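Take a look at the letters that make up each chain.
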Amino acid sequence: MTMPMTLAQKLIARAAGRQTVAPGEIVTCDVDLAMFHDSSGPRRLKPMLDELRAPIWDKRKVVLVIDHYVPEADEESRRIVKIARDWAAEQALPHVIDSQGICHVVLPQAGHVRPGMLCVGGDSHSPTGGAFGAYMFGVGATEMLGVLVTGRIWLKVPHTIFMRWTGRLQPGVSAKDMMLAMLGRFGMHGGQYQAVEYCGEAVQALGMAERMTLANMSAELGAQAGLVQPDQTTRAWLEATGADVEELGLVRWHSDEDACGVRHSFDASGLAPQVALPHSPANVRGVDDLEPTPVQVAYVGACTGAKLEDLRAAARVLRGRRVAAGVRLMVAPASVRDRDAAAMDGTLQALQDAGAVMLPTACGACAGYGSSIPEGSTVISSTARNFRGRMGAATAQVYLGSPYTVAASALRGRIADAREMLA
Amino acid sequence: MRTWRLPEEVDTDQLAPGHAMKHGIDVIARHCLEQLRPDFARGVRPGDVIVAGPNFGLGSSREQAASVLVHLGIAAVIAPSYAGLYFRNAFNVGLLLLTCKDARRIADGEAIAFDARAGRVLRAGGEVLRCEPIPDFLLDMVAAGGLLPQLKKKLSENR
Numbered sequence: 001m002t003m004p005m006t007l008a009q010k011l012i013a014r015a016a017g018r019q020t021v022a023p024g025e026i027v028t029c030d031v032d033l034a035m036f037h038d039s040s041g042p043r044r045l046k047p048m049l050d051e052l053r054a055p056i057w058d059k060r061k062v063v064l065v066i067d068h069y070v071p072e073a074d075e076e077s078r079r080i081v082k083i084a085r086d087w088a089a090e091q092a093l094p095h096v097i098d099s100q101g102i103c104h105v106v107l108p109q110a111g112h113v114r115p116g117m118l119c120v121g122g123d124s125h126s127p128t129g130g131a132f133g134a135y136m137f138g139v140g141a142t143e144m145l146g147v148l149v150t151g152r153i154w155l156k157v158p159h160t161i162f163m164r165w166t167g168r169l170q171p172g173v174s175a176k177d178m179m180l181a182m183l184g185r186f187g188m189h190g191g192q193y194q195a196v197e198y199c200g201e202a203v204q205a206l207g208m209a210e211r212m213t214l215a216n217m218s219a220e221l222g223a224q225a226g227l228v229q230p231d232q233t234t235r236a237w238l239e240a241t242g243a244d245v246e247e248l249g250l251v252r253w254h255s256d257e258d259a260c261g262v263r264h265s266f267d268a269s270g271l272a273p274q275v276a277l278p279h280s281p282a283n284v285r286g287v288d289d290l291e292p293t294p295v296q297v298a299y300v301g302a303c304t305g306a307k308l309e310d311l312r313a314a315a316r317v318l319r320g321r322r323v324a325a326g327v328r329l330m331v332a333p334a335s336v337r338d339r340d341a342a343a344m345d346g347t348l349q350a351l352q353d354a355g356a357v358m359l360p361t362a363c364g365a366c367a368g369y370g371s372s373i374p375e376g377s378t379v380i381s382s383t384a385r386n387f388r389g390r391m392g393a394a395t396a397q398v399y400l401g402s403p404y405t406v407a408a409s410a411l412r413g414r415i416a417d418a419r420e421m422l423a
Numbered sequence: 424m425r426t427w428r429l430p431e432e433v434d435t436d437q438l439a440p441g442h443a444m445k446h447g448i449d450v451i452a453r454h455c456l457e458q459l460r461p462d463f464a465r466g467v468r469p470g471d472v473i474v475a476g477p478n479f480g481l482g483s484s485r486e487q488a489a490s491v492l493v494h495l496g497i498a499a500v501i502a503p504s505y506a507g508l509y510f511r512n513a514f515n516v517g518l519l520l521l522t523c524k525d526a527r528r529i530a531d532g533e534a535i536a537f538d539a540r541a542g543r544v545l546r547a548g549g550e551v552l553r554c555e556p557i558p559d560f561l562l563d564m565v566a567a568g569g570l571l572p573q574l575k576k577k578l579s580e581n582r
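Those protein sequence lines, which keep their order, are chains A and B.
Under my numbering, the first sequence has 169 at position 169, and the numbering climbs by one with no breaks.
Numbers in my numbering are just positions in the second sequence, counted from 1, shifted up by 423.
Any given hint could be a false lead.
Said to hold, decoys possible - List time: in silico EDC-like cross-link candidates among lysine to aspartate or glutamate, alpha-carbon distance up to 20 angstroms:
| no. | chain 1 | residue 1 | chain 2 | residue 2 |
| --- | --- | --- | --- | --- |
| 1 | B | K445 | A | D98 |
| 2 | B | K577 | A | D50 |
| 3 | B | K577 | A | D30 |
| 4 | A | K156 | B | D563 |
| 5 | B | K577 | A | D86 |
| 6 | A | K156 | A | D98 |
| 7 | B | K576 | A | E51 |
| 8 | B | K576 | A | D50 |
| 9 | B | K445 | A | E72 |
| 10 | A | K156 | B | D559 |
In case anyone wonders, no lab produced these hints; they're calculated from the structure.
Small disclaimer: the values here were computed from a predicted structure and weren't measured.
My request is simple: use the sequences and hints to build the entire structure.
Right, dumping it as C-alpha cells:
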C-alpha cells in the first residue's frame, strides 16, 4: 500500500524510477526535456562540451529557444545569436525555436511540455511548465551541462505548499493579482525552494495562460516548482496546439487528498487588484491602498504578462480610449503566435488606437534589453521582477501589476484600478 | 583577508547586472555589486569572504552571479539562507556557501576563519558560529572546483 503522495512527489518518483519518494530524500531523476535559450545555452555549453569531448545524451529531448538577444541590437548580441545558430546546426538539433517569442510560452505552444514530465530549463522562470502538471524548474549553465552529458539530475524531494483559492475572481482581477497577493503574504523566500501547488475552484476556473502566470511567478516566491493539477482545460489547450493528447494519463497526476503538505487558503472573490512597489515583487499593496502614483511608462510584456489573454485584458480596458498625455504605453507580445492571434481578433488594433507602441516579441525590457525604459521614469509593468535596475534603467521606479492594471494606469496617467473602467 | 558585509536581499541582478551579461566574466566582475557596494569590485582580494542576509542570490538562474564571485577569488559566502537555484549554481561552479543563522554577527572588514566540513566559522574575537551541514557530495564538488572538473574526471576514467 503506497503512502499518499503530492503531485510533486509522484512526478519525481516516476522520473527517479521509484514507487514512492519522501520529502527530504535526495534522488537522481531521468530528465524528459532540457530547454535553454541563446543567453543561457550554446555560448556557455559549447565550450564546456568541447572541453569534455562528450556528446549530448539525447538530442530529441533538447530544445533551444532563441529569445533573449533577438532582435540583435548590437555587435555583441549578433555574436551571441550566431554562436547559438551555428552550434544548433553543428549539433543537428531537431528542436530549435528561433525568434518566435519567449521560451516559457513557445515551449508549451510547440507541445514540448506535457503532464507527467520532469523538465529543466536554463532560465529562472522555467517553473512556468508546472502549469501543465510537469515538474519543471530552472538551472544554471553548468547544471545544464551535467544534464546534457548524463541525461539526469539530482533533486532533494520537496515538500508541497498548497495554495488553495476558493471563490471566483471578479472582472478585472486576474492570476497576476493572485500571485502578488501570495508574494505579499509570504515574501520572496516563502516558497523555501519547495514545490508550490495552486489548487481550489478559482484556480480550476483559470485558463492555461492564467495558470502559466501563476506557475511562472513561483520563481519570485522562491519555490523550486509551481504546479497546477492537469485537467480537461489542459487537455483542450494541448489538443489545440496539435500535441498528441491520447496518452496524457491525466487521472494519475494529482495530489492524494491525504498527502502531507502545508496548506494555505485564499478567497478569490474578495481579491482586489494588487501592485508590487519598487524594488521587490513582494512589496505588495492593494491598488486602493496606494498613494496617487503618476506613471510615465506602462509596459505590457514578458512571459508573465503578454500572452494573448494578457493582451486581450489590456485591450478590454483600453478599447475606444486613449492613454493619458505623458504616458508611453509599450506592448511586447510574448510570442509570434500570440501577436498574430491578437492581430486577427482586433486586440492589437485596439491597443494601437489607444496609443500603444508595439515592440518585438522577445524578453525585451523585462530583462533590461532594448533600452526602452528612460532613467528616472516611473513604470507600471506586467512583468515579474522590479529589482533596482532590472529593466535597464538604474533610476527607474518600477511597479508590477496585471495587464488590466497596466492598461488602467496608462489611461489615468497614474496607477489605477481597472475595475472602475470595466464596470 | 577581510569580510564584505552586504545589505539584505542581494539579488542576481546586483551580482551580475543585466547590462554586463552580454560580455565575459571579467567585464561582469567589474560591475559586480556596483549599486550596493561600489567599493567592492575594485577592493576585493582573493581569499575575502562575503557576509549577507537571508535569501542571498534571489532572482535569475544566471550562473554568472555565482561564477563572478569565484572569478574575484571569494573564498566563501556566509548567510542565513540562500535562494535554492543560486545554491545549486554556486556549488556547481565551485563557490562555497555556508548557511549560518548568526551570519549577521560578523562585522564588515572582520578577519574570520572557517571550516566547511566541520561547519564552523571562527570570528576575530574567538566566537564560534555554527553552520548547517553540507552533504559530502557537494563539499567534494567545491573541492574539485565545481561540476565541470568532476565530470571531466569521471568521463576520462570511463574511457
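Results for each hint:
no.	hint	result
1	B:K445 with A:D98	19 angstroms, holds
2	B:K577 with A:D50	15 angstroms, holds
3	B:K577 with A:D30	19 angstroms, holds
4	A:K156 with B:D563	17 angstroms, holds
5	B:K577 with A:D86	28 angstroms, violated
6	A:K156 with A:D98	33 angstroms, violated
7	B:K576 with A:E51	12 angstroms, holds
8	B:K576 with A:D50	15 angstroms, holds
9	B:K445 with A:E72	12 angstroms, holds
10	A:K156 with B:D559	14 angstroms, holds
In terms of the numbered hints stated before, the structure departs from hints 5 and 6, listed from lowest to highest.
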